[in-house]
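Enquirer: Sequence:
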Amino acid sequence: MKFDLHVHTRFSKDSDAEIDAIIFHAKMNGLDGFAVCDHDVIEGGPFSIRRAAELGSDLMIIPGVEITTSEGHLLVLGIKEIIEPGLSPVETIRRARAQGAVVILPHPFKVTSHGIGYVEGLDVDAIEVLNARCLTDGPNNKAREAAISMGIAQVGGSDCHVPEMVGTSYTEIDVQERSLEAVLDAIRQGRVRPGGRKSPKAFVIRQMFNNVKKKMTRSLKMG
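Every letter in the sequence shown is one number past the one before it in this note's numbering, and letter 209, counting from 1, is 209.
Accuracy of the hints is not assured; some may be wrong.
Derived lysine-lysine pairs resembling DSSO-like cross-links, with alpha carbons at most 27 Å apart [what the hints assert, rightly or not]:
#	residue 1	residue 2
1	Lys142	Lys80
2	Lys2	Lys80
3	Lys27	Lys201
4	Lys201	Lys80
Quick caveat, the hints were computed from the structure, so don't treat them as lab data.
I would like the entire structure built from these sequences, with the hints used as guidance.
Expert: Pasting the structure below:
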């Protein structure tokens, strides 16, 4: 099965991507499912699952979150209760494990996206070695080298903030049973392989400018 394990919806403060559009493009781009990983909020996952059912979509949607730890970002898949941001990576992982969730280290060496910057000492199930929003190959290559040297499973995700880019990079998951727990178990067991490509630079740069405009607008309102 082919999953995009890193998708942002309109529930993320830096994304305007509507759920219906993400579902449409995910299917059109050949995905079997995707993980909703909004920044520090978990409402997007359950909402997307309900909306997919209403639309009659057969896509499998994994409820997740991209948590801002004290040192950078972590993806938690299969999350049930919110984990507060700002905790250490180790404590964040401990709380994720208490929920039986899967933990992925996203873009660890992409400084501009709050990559943690290291791999050693972190109890993660997989490392994102193909992040579609990296403008250069360096961060992905470094993540891949770290995953190989430490024997940690490798995954891919689009990190998309616009619906058209969902599934640009993805993860092939070796699973026989079509269920959320089977998919999460396969990731835990390392039966995964990254695939796809990077997003066109124009999409990435456009989204970066949109973020700057949003921050400026928020600052003006607060001022």
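Enquirer: Taking the hints in turn, state whether each one holds.
Expert: Going through the hints against the structure:
no. : hint           : in the structure
1   : Lys142 / Lys80 : violated, 32 Å
2   : Lys2 / Lys80   : holds, 23 Å
3   : Lys27 / Lys201 : holds, 23 Å
4   : Lys201 / Lys80 : violated, 34 Å
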